[in-house]
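Here this note's numbering is used: the first residue of the sequence shown is 6, the next is one more, and so on.
Source of the hints: derived by calculation from the structure; they are not laboratory data.
One or more of the hints may lead you astray.
Stated by the list, open to error - EDC-like mimics (lysine to aspartate or glutamate), calculated; alpha carbons at most 16 Å apart, straight line:
id, residue 1, residue 2
1, 231, 296
2, 565, 545
3, 565, 454
4, 189, 86
5, 184, 86
6, 523, 545
7, 184, 281
8, 319, 132
9, 371, 414
10, 155, 494
11, 565, 457
12, 416, 188
13, 155, 188
14, 78, 500
15, 371, 281
16, 523, 132
17, 189, 457
As the list claims (entries may be wrong) - Distance windows between CB atoms, simulated:
id, residue 1, residue 2, range
18, 131, 274, 45 to 53 Å
19, 362, 563, 55 to 63 Å
20, 68, 131, 52 to 60 Å
Note that the structure is a prediction, hence the values are computed from the model and not measured.
In this text, a Cβ means the ideal position worked out from N, Cα and C, and glycines have one as well.
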Amino acid sequence: MQNVGVSWTTPSRHIGFVTVTLLAVGVFLLLAAHRGLDNNSLVSWRWVFALVSPGSLLLPICLLIAGAYWYVKRFDYERYEASLLFVVSFAAGALFWRTPEVIVDASRYFTQAKHLELYGVGYFLREWGLNIFAWTDLPLIPFVYGVIFKVFGESRLYIQAFTTILYALTVVLTYRVGKMLWDKSTGFLGGLLLLGMPYLFTQVPLMLVDIPAMFFLMLAVFLFIKALTQGGTALIVLSAAAIWAAVLTKYSNVLMLSVLPVALAVFLAVKRSGGEVLPGWSRSTAPGWREMLFRGMAVALVASALIGVAVAWKYDIFAAQVGLLMDYQRPGLKRWGESHLSTFLFQVHPFITGAALLSVYAAVRKRDLKFVVVGWLVLLVLLLQIERIRYMISVFPMLALMAAYGLREIKSAELRRYVAFCAVASSLAIGLFAYLPFMERISAVNLKDAGEYLNSSGARNIRVVTTSAGDAPEVNPAVAVPLLDLFADGAIVYDSSPARSLPESISTSSLRFTWEHKSPEYYSGGQSGGDQVVVVISEEKGRSLTDAAGRGLEGYRRTKTFDDGVGFFRYQTVVTVYEPLSMASDARPAAFAK
6 MQNVGVSWTT PSRHIGFVTV TLLAVGVFLL LAAHRGLDNN SLVSWRWVFA LVSPGSLLLP
66 ICLLIAGAYW YVKRFDYERY EASLLFVVSF AAGALFWRTP EVIVDASRYF TQAKHLELYG
126 VGYFLREWGL NIFAWTDLPL IPFVYGVIFK VFGESRLYIQ AFTTILYALT VVLTYRVGKM
186 LWDKSTGFLG GLLLLGMPYL FTQVPLMLVD IPAMFFLMLA VFLFIKALTQ GGTALIVLSA
246 AAIWAAVLTK YSNVLMLSVL PVALAVFLAV KRSGGEVLPG WSRSTAPGWR EMLFRGMAVA
306 LVASALIGVA VAWKYDIFAA QVGLLMDYQR PGLKRWGESH LSTFLFQVHP FITGAALLSV
366 YAAVRKRDLK FVVVGWLVLL VLLLQIERIR YMISVFPMLA LMAAYGLREI KSAELRRYVA
426 FCAVASSLAI GLFAYLPFME RISAVNLKDA GEYLNSSGAR NIRVVTTSAG DAPEVNPAVA
486 VPLLDLFADG AIVYDSSPAR SLPESISTSS LRFTWEHKSP EYYSGGQSGG DQVVVVISEE
546 KGRSLTDAAG RGLEGYRRTK TFDDGVGFFR YQTVVTVYEP LSMASDARPA AFAK
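Produce the complete structure using the sequences and hints provided.
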């Protein structure tokens, strides 16, 4: 990067920088003071700042903001914008890799992926949705995870590297879409502002589908615009393939892909009104409206054919999933939602929300029809009252582009960048010094720590026992076994208890899938006896084992209990390790000594 030095600005420019700095710090303090308004179900500020003092974040926030000011004033990064965004976003995501799997849905994706790893692609394609429990999941991402396990080995690190790359590529795609629609500055700010949403940092390291869904949606938008404006068989096929991938990643993407016909309609309207479809395109070089319409129809035709083949492959499974979504999940969203106040003020930096609101005024004033392309999905979320934040993640790149468009109202390019960098600095500080420590205290960390302990002690043969609290527990503890397997290198043996009938309270619970989860057959094999280690997963520390569950523990001693937990969640995971008396006590790793 070229060092261009610090240029002294006018007093009014200094006032602008000081004002933004004070606002960045003041907004954080104001939100911290009213953190009771945040009802996020994973990292509510009520819970996070019950463990960490908001005052302890002031120094990191101020230092990162100071670094942002120094960077904005000293470096010209226009030649390296895409590379800079990729490297910074990947590095930011990698800082959260030590997060445990805090959302139990990961057990489904791991189980599906492990079937492919063990039995191959043919078995996965044949048995997905049958012997491979699929719930309301779609097959593409579990398939990719399974291929990663098959090629590189069964390690969470490879999955995290993959999802972090997709996150970084989404940032770059956001930049490219903004650059295509308006200019490089808007694109860069849009990509940068995607790092100003602290909730996203919590999702990047998890073995879920939300980050891949966001990536494939933005890839579909980017390639669709390219196909409309440039044409060519390759771009049309690639655009259709991206749409196919987005659809087979997450059902909510089907709704979000409505942005594509909206984009086509906008480009046709702009073209017919004599406006500029893309920056720098003259009337003589830009495609005609009939040409763009033909290209859009060609993409739709190829995408429909690809999706049709997938639907025909597992029609009965997909039909049952759609029925479950309509009868169970759609009404459930009204009970499981988080408020827009929580999402757009606490989990997204308020600078972004404020700039996005400003962008609506700016676009109306300029009569900029292209703004509808980025504003459509946010409008859809508001109109349909979608409040579950994990269903809104795919919309965040468009929200970032709206905010970038709003920041164009600030005349000073340096000040615009500084506002964006302040949002990123504050969000990164919140993520690293508040969210990350909190997530490392969620009881799911006990599965991660237990797996690392078993690896360090050389346990190769592990029998798992699960116990439930009460007669009608909300979560089936068997769902924790795949998450332990994700972290433990040894072979796991687990005999699940017979399925129970679901009480009414569980049939409408967001965790109902844990009781319909099928324990995979590969846990029923393995060796017994010898140096087999027994791991007990329960909801309460010291919970006694039933006679059946505890049978075979003669000659064992309890060597370690992992019972960390913040206590804010109804479901807690406690892991106790029993080792044979024959295993030498001095073989235990010092890091885990009692």
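Residue 416 paired with residue 188 [C-alpha distance capped at 16 Å]: holds (15 Å)
Between residue 371 and residue 414, does the CA-CA distance stay at or below 16 Å? holds (11 Å)
| said: Would the hint linking residue 189 and residue 457 be met if the CA-CA limit is 16 Å? | reply: Violated - the C-alpha atoms of residue 457 and residue 189 are around 45 Å apart, more than 16 Å.
| Cβ distance range 52 to 60 Å for residue 68 and residue 131, holds or violated | holds (55 Å)
Holds or violated: residue 231 with residue 296, Cα cutoff 16 Å? It holds: about 13 Å lies between the C-alpha atoms, which stays within 16 Å.
With the threshold set at 16 Å, check whether the alpha-carbon distance from residue 155 to residue 494 stays at or below it. Within the cut-off at roughly 15 Å; holds.
Next item on the list: Quickly compare the C-alpha distance for residue 78 and residue 500 to 16 Å and report which way the hint goes.
Entry: Violated - the C-alpha atoms of residue 500 and residue 78 are around 62 Å apart, more than 16 Å.
### Query
Going straight from one Cα to the other, do residue 155 and residue 188 come out at no more than 16 Å?
Answer violated: residue 155 to residue 188 is near 42 Å, above 16 Å.
Residue 565 and residue 457 were given as a pair; does the straight-line alpha-carbon distance stay at or below 16 Å? Measuring from Cα to Cα gives roughly 12 Å; hence the hint holds.
Q. Holds or violated: are the alpha carbons of residue 565 and residue 454 at most 16 Å from each other?
A. Answer holds: residue 565 to residue 454 is near 11 Å, not above 16 Å.
Does the beta carbon distance between residue 131 and residue 274 stay inside 45 to 53 Å, or does it fall outside? For residue 274 against residue 131, whose Cβ atoms are near 47 Å apart, the range 45 to 53 Å holds.
Check your understanding: Are the Cα positions of residue 371 and residue 281 separated by 16 Å at most?
Key -> holds (13 Å)
Figure legend: structure checked against the earlier numbered hints; hints not met, in rising order: 6, 13, 14 and 17.
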